[in-house]
Every structure is written in structure tokens, then in C-alpha cells.
Amino acid sequence: MKRLYFFIIGAFSLVGLWAIYYRLTEGLKMTALTSNVSWGLWVVFYIFFIGLSAGSFLLSTMVYVFNMKQYEKIGKVALLSAFFSLVAGLMFIFIDLGHPERFWHALVYRQPTSILSWEIHFYLIYMLIIVAELWFLLREDISRLVIKAKGFKKFVFKLVSIGYSIPDNSEKLERDRKQTHKWMKILGIIGIPTAIGVHAGTGSLFGVIVAKHMWNSGLTPILFLVSALVSGAALMLLLYALLVPKEKQDNTMLKSLGGLLILFIAVDLLIVAAKYLVGLYNYVPDERQVLLNMMFGERWYIFWVGQIMLGAIIPILLLSIKKGSSTLKALAGLSTILGIFCVRWNLVVPAYLESPMPGLETAFVHDRLLFEYTPNLFEWITSLGLISIVILLFSLALNSLPIMETKEGKEDNGETADGVQAI
Amino acid sequence: MGSNKEPNQGRKEFIKKGLLAGGGLLVASELIKWKPMIEAVKATQHTEVLPLVETVSTEDVVIRMQKELHEALKKPVEEIHWIMVIDQKKCVACDACTVGCSAENGLPPGVVYRPVIKEEIGTYPNVSRRFTPRPCMHCENPPCTQVCPIGATYKRPDGIVSIDYDKCLGCRYCLSACPYGARSFDWGEYHTENTPEVMPYELEPTFEYGDEKVRKGNKSPIGNARKCHFCIHRLQNGMLPTCVTTCIGRATYFGDLNNPNGLVASLIGSPRVKRLKEKLGTKPSVYYLT
Amino acid sequence: MKKPLDFLKCTRRGFIAGTATIGVSLLNGKSMKSVAHDLLNFEEIKIPTCCHMCGGGTGVIATVRDGVVAKLEPNKYNPIGVCNTSLNFTENQKDGAAMCPKGLSGIMALYDPDRVKKPLLRTNPEKGINVDPKWREITWDEAFDIIVRELKKLINEDRPEALITFSENSLATSIQRDFGNLFGTPNISFHTNICSATRKAATMAVFGVDEPLGDYQNSKYMLIFGWNPLSAVKWSHLPQILLNGKSNGSKLVIIDPRYSETAAKADLWYPIIPGTDGALALAMSHVIIEENLYNQEFIENWTFGFDEYKKYLKDKTPEWAEKICGVSAKDIKSLAIEFATNQPSIADAWIGPGQQSNGFNSIRAVLLLNVLVGSVDEPGGMMMTEEFKLGESPIRISPPKKKRFDGKEKFPFGHNSGVYVETFRQLFEENGPYKLDVAFITMSNLVLSMPNTSQVVEGLKKLKFIVVNDNYLNETSNLADIVIPGTTYLERFGLVTRGINWEYVALRQPVIKPLFNQYSEAEFFIELAKRLELKDQSGQVAFSNIRYEDYLDIRLQRSKANITLDELKEAPGGVWTSPESTEYRRYEKTVIKTETKKFQFSLSNSSKNISLNYILPEYQQRRWLPDKKYPYYLISWKHITHTHSRTQNNPYLSELKDQNYLYINPMTANSLGFKDGELVGVISPFGETKAQLRFSPGMHPEVLGTEWGFGHWAFGDYAREKGFAVNQLNKFLVDEVTGQALHKEICVNIRKI
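Residue numbers (the working numbering), protein chains in the order written: chain A, 273 to 695; chain B, 431 to 720; chain C, 298 to 1050.
No lab work stands behind these hints, which were simulated from the structure alone. Just so it is clear, the structure is predicted and the values come from calculations on it, not from any experiment. Even glycine gets a Cβ: it sits at the ideal position worked out from N, Cα and C. Each hint can be trusted.
Listed below are the simulated DSS-like cross-link pairs for lysine-lysine, each with C-alpha atoms no more than 25 Å apart in a straight line:
1) C/LYS1019 / B/LYS548
2) B/LYS519 / C/LYS531
3) C/LYS935 / C/LYS1028
4) B/LYS643 / C/LYS368
5) C/LYS368 / B/LYS649
6) C/LYS548 / B/LYS548
7) C/LYS543 / B/LYS704
8) C/LYS343 / B/LYS497
9) C/LYS531 / C/LYS517
10) B/LYS643 / A/LYS301
11) B/LYS713 / B/LYS505
12) B/LYS643 / C/LYS343
13) B/LYS519 / C/LYS935
14) C/LYS935 / C/LYS1019
15) B/LYS548 / C/LYS935
16) B/LYS519 / C/LYS543
17) C/LYS449 / C/LYS759
18) C/LYS543 / B/LYS548
19) B/LYS519 / C/LYS517
20) B/LYS646 / C/LYS368
21) A/LYS301 / B/LYS646
22) B/LYS709 / A/LYS547
23) B/LYS649 / A/LYS301
24) C/LYS894 / C/LYS608
25) A/LYS547 / B/LYS707
26) C/LYS827 / C/LYS449
27) B/LYS548 / C/LYS972
28) B/LYS548 / C/LYS531
29) C/LYS700 / C/LYS761
30) B/LYS519 / C/LYS548
31) A/LYS420 / A/LYS274
32) C/LYS1028 / C/LYS1049
Derived coverage of chain A by chain B (criterion: at least 3 residues anywhere in the stretch with Cβ under 8 Å from a Cβ of chain B; other residues may be distant):
33) 306-314
34) 356-370
From chain B, some residues computed to sit far from chain A (all C-beta separations above 10 Å):
35) PRO506
36) GLN518
37) THR553
38) GLY589
39) THR622
40) VAL628
The following block holds chain A by itself, in its conformation from the complex:
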């Protein structure tokens, strides 16, 4: 089963690598983007994954900052998925640039008025925080794995452990663990505003754009943030319910996680309702027409089937079932994630489809100047391939590192660790 899984993911990842290579050599003309719809599928995935990352991270702070022990089981996976989602998000940005080889410009040159500029720096800090938290959390287990493992794996683990090794006596171990706790809390505390800054920031980079009325609102950053929490919680639900063997699952935690998800979805719906109803009330074409096209136009299903059904109604129903099995919960998580993808799409693309000046759409005739966008096959393949690569790395990490179970009891020096398999 596992082999098959890795085989499939590996195959998709190879396709992904090819697609990225092709993209880097042929350029952005391989996409269906136009100068008027300049952000498309890849930017949607970018904000989706950044949101997923921020959401997961904020969930992890429930454990490490607010000491909500009932969620301890998902603490590590939350951090790990935060890390890989961030990587995915950044990779999508990388391939979306006109000059990917110049990505380092963003770190060398900066512009204080540009939210994107701030964001990029935030991403770095955020990534360092996650990596640091993960290291602190896992260093003990990794150092045990260093002892156990052989060959290439040993090398990798040694690299990841950055030389930390299990101390000889239990006092030192205790001290290290306390240090871990302390640092987790500190990093968590710094991490909260950072994560909020990361994702509400990504939201505000849309929110400040005066040119797109539909984006230009104070609610946009909040909406991004809440959607992030929704997707983070959904991902946790999905991963836990899917990956931890049924016998070992903590049903109470699942239930309360489910309840949390419903809460987040409700808040998300509230904000969406506020934004859209107000927007539909007036007759400003830039806002009303965009919303009408989004909800009742050609792609109505993205809103109704995606955002509402998959993203809200189905998960709430599934999670409300009293004796619901964890599979149902996993499905709820999956449905929410797909729904949030549709939310992200509707946050980005519909705003481009109305011309900023009446008559501009007929002033010039060219495919690259249309106010229409449907991602082409190449964009989909690249996206799925890239996601596969990230999932592959994530799976490898899950497979090798003790993520899904927490440690109980003391360990003695020299005793080999319980190399708990994640799957």
C-alpha cells in the first residue's frame, strides 16, 4: 500500500519536475495568462498554500503557546505541514515570476511601501520560526534516529539534527526538554503575529489595490486569515483521521477539532456574507457586476458548489453527525480544503474579468489582452506536479520522523528510542 502510494506520488513528482523545467525554459507564454488577467492558477495556489501554512501554524500555537493539551497530538504535524505548505507556496511564486532567476532581487532590494516586499521578508522569518520550532520539537527523536539509522539516512538525520545529540544523563535531558518547552513558547509567541502578518499580509496585498474594487476592502485581510484557519484546521483533521490508525485515534480530540473547524467555517461565512451582500447592494459595476459574474455567471459553480457546498455545508453536516466516524471527519476535512481552494480562486480571478475602463476590451484585439482566463493543461500539470513534489517530501518526512504520536514516559540514556512509525 505504502509502496504504491510512493510510486504514484513519485511518478507525479517526476512529471512536476519536468513541468518546472519546461516552464523555466519556455517562459510564461506556456500559460493561458494575459496582460489583463495577470494572476491565475499559480497565484491561487500560492495564496492557498500560504493560507494553509499560516492556519496550521496557528493551530500549533494552541498546543505550544496556549498549552491546550487536548490538541497535543496534532502539534507536530501542524508544524510540519506548515513548513511544507510554505515551501509549496513559495515554489508557486517562484514559477510564476517572469524572471525566476531574479528571485533573490526581492531579498536584496526592498520597497517599504510595498506589502509584497514586507511579505517576502515575513515569509523568511516565519520559515525560520517554523524550522526552529520543528528542530526543537524533534531534535531528541532525530538524534535517536541518528544512532539507529545507517548510511544515507544517517547522513540526512545528522544534517537535520544540526549536531544535537541526546545527553548522557536524565537531568540534562530534563533540562533540554524544559529548554524546548521554553523556546517553543517563545517562538510560538513570536510566531503568532508573524503568522498573522504572513497571511493577513497576503490578504492585504490584495486589499490595498484600489484598481480592483472587489479586493479593496478592510475585510479582505480578515477573510484571508479566517480562510487560513479554516484550511489549517481542515488539514489537521484530514491528516490525523487519515494517517493515524483507527485504534490509536483520540476521538475526543477529533471531535473538538471538528467543532473548531465548524466555528471557523461559520466565521468565514459571516465575513463572506458581509462582504458580498454589501457589495451586491450597490450598483457600482466594479463590485456588483464582478460579484454577479462570480455567483451567477459562467463559473457559478465555483462559488455555489465549491465555496458553499464543499467549503461549508458538507463539512458542517458531516461534522455534526453525532457518532460520526473518523473517515467522515477526514472527508469533511478534504471537502473543506477543496472548498477553500475555490474560495481562493474567487478571491483572485473574478476581479480581473471586468475591464477597468469601458471600451478597453475592444480597443485592441489579441489573445494576450483578453479579460478572460481558463488555466490551460500545462498550468494544471505544473500545479499538480509541484504539489506532488511537496506531498512526496512531506510523506517522506512523515515516514521517517516521529510526527504523529507523542512520547510518553522518560527515556534512559543509551536505550534505543521507540522508532514509532507514522504510518
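The hints should help you fit chains B and C onto chain A, whose structure is shown.
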């Protein structure tokens, strides 16, 4: 222009003087000499080039803009404020400015700096048409320069919003931020691709911003944001932007707003003046006379 | 940087050095880095020539860099881009010249990858619209051999008249005439009779000149019937002189079934039913005469037939006209009074009324408004333009005595370009005076530019041997037996003399060698004449040592300009302008070239076997009127972005407009249940096609219209299958006086598909 009241002889003198005066005027221009013309005149008329006659008007539009351009170029760059004025009453929607600009800057498919919006208004028989050429507005508060993460697009002291092609990442944030849709992205395509091969004129260098660039492979300006830049490379050589010189309705004016005696400053004192999307507070440098 | 740039030659070094210097000095301090360049080592020269993206011939300066044409700019030494009288030249010239978008896209016509590069021979004997000719590339010599062989057949059978030529009318016209004379065929024809033959005929009938041009810049009232000079820009000075006129206080009034781009600048627009302009003009004349606003002195001294005209007009009241044309009687009256009292005024009409069956009289009625108020050859009035005449051709041969195939002599005011419609009708019906075997078609896409497409194709198929000389494999060349690669204007010589009220001659010269080493169109005919050893009247082989450049040189030297071709090359901008300025009131000095030697309200009763209803410009209804089955008028027009059917493959121009729409008044469309953008079937009694509707509130409710020239099914990738062609919908209708093809006389209906 009036009726021919002068006797034949006087009129011939006038024409001769007029022609010579015209020649003298262009001699005065720094860059172009009428060497062959003067020599032809010398050869047949045995006379010398006379100075500009007072009665011959020098206030005609493009020569005036040309002169004022040269005056402005002598000033330090932060004291200039370039603006463009487009008289919608004179624009005939011929699209010569669109194509002239595309030709001057070697624009590939998918990039247009100055399209002309053509609207039909009203209900028969009370109808009219409105034509709006739309270059980059070169706003005083540009939403596009605010959002560039690396400052690759910036506003020069003389008011022109520029793009540094070698810095620009191609993230296209600025494209999304422009309320006028004035920015395009260079997707790296050619008009004559696969026909079977790209024609030589598409691989000719272009000189935007005074830099020579050839669009090949992945090199800038491929993969960059691009937009109207008031033909900086022509301004640097004392020439007006292409759209101004090729406008067959003579509807486009260009000059330094900081010159209170200049043509453009006087034009925007008209009650017909307006700018696009004023409510957004971008303060464009392109004015329209409706 | 201060190095002066010689106008005709300019090296790039100075430019780049200058750029770097000024660039650095301008951009002191700011973060923008200015890159100082190594001095670049390429040669850049600027060569003046004349455009030919349309027949206008605006001056162009081509920048050629290392053998590649890199840029085209307006040439301000060529008056066409500047103004149309000499008085305005120096003043307007300071504005620099202008160039329309077609001219600016010329490089793409030159380097179009779809161009024909080598002569092609047909190997599939079957001919048809969608039949593949199965071309085989042959050498120029082979092509000439085959053509000479076919032509020799005609000579041997003593039937040189079986050769007919069709051609664009500003390309090697005199060479083709000389060739025809030498070969012995009278059937040399050109494009004018499918274009503006009626206007020329009307102006000849009234003024005795074939292309009078209004002095709009100095006028005070411009009344234009069915012409759209701000978009159908024939000469790029037109928008300037009209708009300058407006700035000088002139009024602009447009009479047109459609609210055109010129109407958008007009003070008043009157929608009118197509084909009724004559009635409106006559009613205006009635008012002018009744209100005694006409120029008595001018009419008494310089006109013929005023009394008959006055009598005819007695009952042509505004109320009479209102019922016919739809413009209210009150408006007609005020138009007439305004026109007459705001002097100088101009009334003008071109092919809007001209391409309909009553065009001859309609345009005469319009032009006579100028005569009524004496606004003839006055500043601000209708100028009696005399095109500069080149000297005699060096080829001495008299025209053959055989009759023309097209029966042009049956048309009292037929144009010497022939009658294409009659040619094709007779070809199709096989009832011409003799048989035609061979056709040369030069820069002319007859299949798309003639009315009645299917019968034109059938007619062409009946010819034995067709040679097409063109740049593309288009709809017509697909029916040819041999295709000869043509040249673009950037690759050939020519002289342009037309379009302004001032004598000038401008040089068209190659700015690079022809890309595929083709002969230019003129040189092709010269070469044929040489190989056929055609002899002139002294028995010498004509053209034996005259190249086309020599031909032009001789004609230049024999003209008033008295310069050589080389001197013209060296002249500033490649243009010679007359030292004499525009003359006014020429009629006071030279005899008016009409039959009666006066400006004619009426033709003389003895004039050339013309039927009575044409003696005076009587109003008659056009022949094809809407009926229950086909209730809408279909008109077509030119737009500035394209020239006829020959520019649709140009990328820059396709980006401005890549297809044509069927424009319809929204009220009409809604009452029929059609939506904006809907694809509909357009039907007429003679054919059917599909078109995409576009709502346009400026269309008269009974009129549908579209741009001309689209609907290609061959040609090139940009042009193919975009839009639709109106000439699938009409039949061989011809003006019985002028021989003009009547493109605008079509009635249609639309239906859902």
C-alpha cells in the same frame, strides 16, 4: 491663408521668404540640418539664408512643442514635469498612435502601450462617438510604484514612471494595481513565430529608456512588465514622443508643465480639461480635453 | 552629440553616443542606472519614399539598419502628409507630417512570411474556390517562357485583343498602357471603375476636371455627403485640414446613413436613406435659388444650363425631398441657407452616393451646390485640382484600333480604367464581342473586390491562362495558372503626383533590394515586352534599352519639373514641389474642359448619346430598392485600419481590427429579436453569408452596414476566416453612364441560424 490680394510678384517673394524662413528655423534646431535644401537654394537663388521673418508664425503647434522640449531639456531633471494633453475633440480614432508606438518600441504580441478606446454613445438619432487614447497616466501618486516589491518601477523626478528592465522580476503585481490597465506583460512571443521563422524586424534592437535591448531567449524585456514611458529615449535626443508626431488629427500635445508660458500649461487651463478616474487620487499626468 | 545629422544619411554612432551622454546628464543622481554603451558599429541610413499601403502615397522615411528596414516615419517634405494647398504648406509643414496606422505597419507587409517568394506554376488543371492548385515552384526564366509562349499564340492567331489586364491603379499604369498598345490589345483596365469612377464622371460633367479637392482648411462650411475622410483617410493630410478648418471657425455637416467617425467631429449629422443624396442636394439648390442666395455674377459668366436647372428645380421642394430622403424639410431649408450664407463653403460627395445606380446625378447635384454659390476654385472652396502631368512616355506607339471587350464606349462618361463589371458579366455569360483567353491580374484580388463573387469565379475559370502578379496566395491567385511574386512599395520605384491642389512629384524608391530578387511590376511588363520583341511605331523593339528607372527619368525630364530621376533622389525628402503656389480662379485664364467650356448645370443637348434623364442631374431612385423579402439597405465602408482586402494579414493592423461586424441599429435588432454579438445569416436574392451582429446606435434603422475587405478564405493566417464579404450578396450591377460597379446597392435580410 486669406485671399490673394498681393500682386503676383509680392506673393512670390513672400513664398520665397517663407520657404527660406522655414529653412532657417530648422537650421536653428540642434539636431537636423537642411544641408541639401540650403545647397539647392544656394545653387538656384544665389542668395543667403535670411533670419526668421517676424510675420511668419512660429507658434504652430508641433514646432512650438519642439522648441519648448529643447528648453525643458536644459533644466535639471527634477525641475521638469512632463505632461501630455489629449484633445478628444480632435482625435479621430485612427489608431496611428497605437501602431506608431508599437513600431517605435518593437512591441510584441500581447503588449500595447497606447490603445484607443472607441465608444458609441446615445440612442438613434441622438448619437455620438467618443475616442480616448489611453497611454500610461504617469500618475503623481502611482499605485503601481507603491506595490513593486523591489522598486523596479519608480517615478523619476521629471514625472515619468519608469521600469528598470534588468531589475524587474515579472511578478505582475504592478499590472494588477494599475486602475487604468496601462501595464502589459511581455510573454516572450513574436508576431511571426513559426511562420516558419521569426522575421528580422522583430529581432531588431529597441532603445527604450536609452538601453539597447534585443528580445531573444529569456532576456529582458521578455518576462517584464512594460508600459508607455513617454518615449524617454526620444526625449533624450530632443524628439517628441512618437504618438505626438504621428497623430493625424494633431490631437496629442506634450510638454513641461513647469513652464508657465508653455503650450501644455495653457491648454490645461481650459474648462474642458479632465483626468481619468480623478476620484482615486492618482493625479495623472495625462490630461484630456473633452 | 552636436554632430549634425545629414538628412538623407545618418550614422547611428552619433545617436548612441548622444543617448549615453544626455542620458547620463539627465538622470543625475537617481537610482536609475544609465548604461553607457560601447559605440555601436552598424550603418543606419534614412531613405525617403512614398507609402503604398493604400493608394494615397503619403511620404515616408524608412530607416534601414544593416540592411533591415527598422522603422518608418512620416516625411514632412512630402506635402501629402501635411496639407493640400501651397499656402498652408509652410505653416502646416512645421507641424511635421503624419502617417496613418497602415503606413506605420508597412514593415510587416515587407517581411510578411506568407509572401510569395518564387514564381509558381499550377499543376492541378481543375480550378475552383476550394481547389488546391498544387503549385510547383519554377524559375523566373521558366515563368517568362511560359507566359511568352501563351502570348505568342495570340499574336500568331492575330488576336492580341484576347489579352486583358486588370490592375491596381497607381502601380505601373503607364507601363501597362504602353504594353497594351505595343501588344495590340485595347483591354488594359484598372481598378478605378470599381472605386470612384462615378465621382470622376460627375466632376468631369460639372467641372471638367476629374478629381477636384476641397480646400477644407480655409473653408467656413463643409457639407459632406457620405464621405468619411477622418477614417477612410485617403491622404493623411485630410484629418488635419478638416480639423484645422474647424479650429478656424468652420462648421462641419455630415449627411450619411451612418454616424461615422467624421460625423463624430461634425457640428451636425443628418441620417439619410441610402441613395437619396441627390434629392437632398436638389432641394437645397431649390431653396438657395428661391431665397436668392446664389452667386449671380458667377453663374452668368461661367456656367451653362442654369435656366433649365432652375426650371427643373421648381417643384423639388424640401417637402418633396423630405419624403424621399428622410431629412426634415425644416432641416433641409436651414442647411441650404447656412451653406449659402457661410462662405466660402464646400459641398462634396465621394463613393457613398457614388457606388449606387443614381450616383452620377446625385454627385452632380451635390457638386452643383458649389457652383450655385460660386465657391469654385476659391480659397476655402472646391478647387479645380490639376494633377501634375509627367511628360510623354518614351514609347511611341498608337493605341490599337480594336474595340474594347468591356464595351466602355457604350458608357457616355465611362472611365478609361474600363468597366470590370461588364467584362465579368460577358465572361460569365459568354456573350462578349470576342473571346478572351489570357488575363494578367496585378495587385488586385478580383474575387474579393468584385461584386457577385461566384459568377466572377466562374468567369475567371473560362479564361485559358491567368497570370497573377501579387505578394500573396489569395483568393484570386488560387485561380491563376502562374503566380508571379510582386513587390511591396519598399522594394520598387514609382512617382506619385496626386492628391493635393499643388503641383508636386514625389519619388517612390526601393529602400532595400527586393527580398526575393523579384522584378517590380513595371519591370515585369518591360521584360515581357522585350522577350516578345514588341516593336514601337518606328519598328524598333521598344524597351530594348530602357529600364523602368530610365522610363521615369525621361518622363520627369519632359515634365514641367524638368529634373532627372537622380536630382529627384537628391531633393529634400525625395520630393519636387512646384515653385508656383496654388492658383485660384484658373477658369479665368484657361478654358474650362467641359463640352460647353463652362461649368455645367446641364449637359449640352448634343452630348454623347446619353439618355435624356442625365442631361440635367435629375433625381431618380436607385434601381434596387428594399422590398418585403429583403427590407434592409446594406452599405459598406472603409476603415482606417485596413486597405480594401490587402492588409488583413498584417499583425499590427489585425490587432486593431481583425474582423468586420454587421452593424445594426439596436431598435431594429430588438424588434427582430436579435442580440448583440449574435451570429446571423445575411441573405440577398443572389447569395448568403454569415455575419456577427454588433449594435450601433449610429446606424439608420433601415440600414445595415459593415467594413469592406474582410471575409478571406485564402491569403494568410491572420486574415483567413475572419469576417464576411458583402460581394457574395450582389450581382453584376453597373452604372449605365459611368461603368462604375455598384457595391453599395444591395438589399438584404437577416435570419437566425
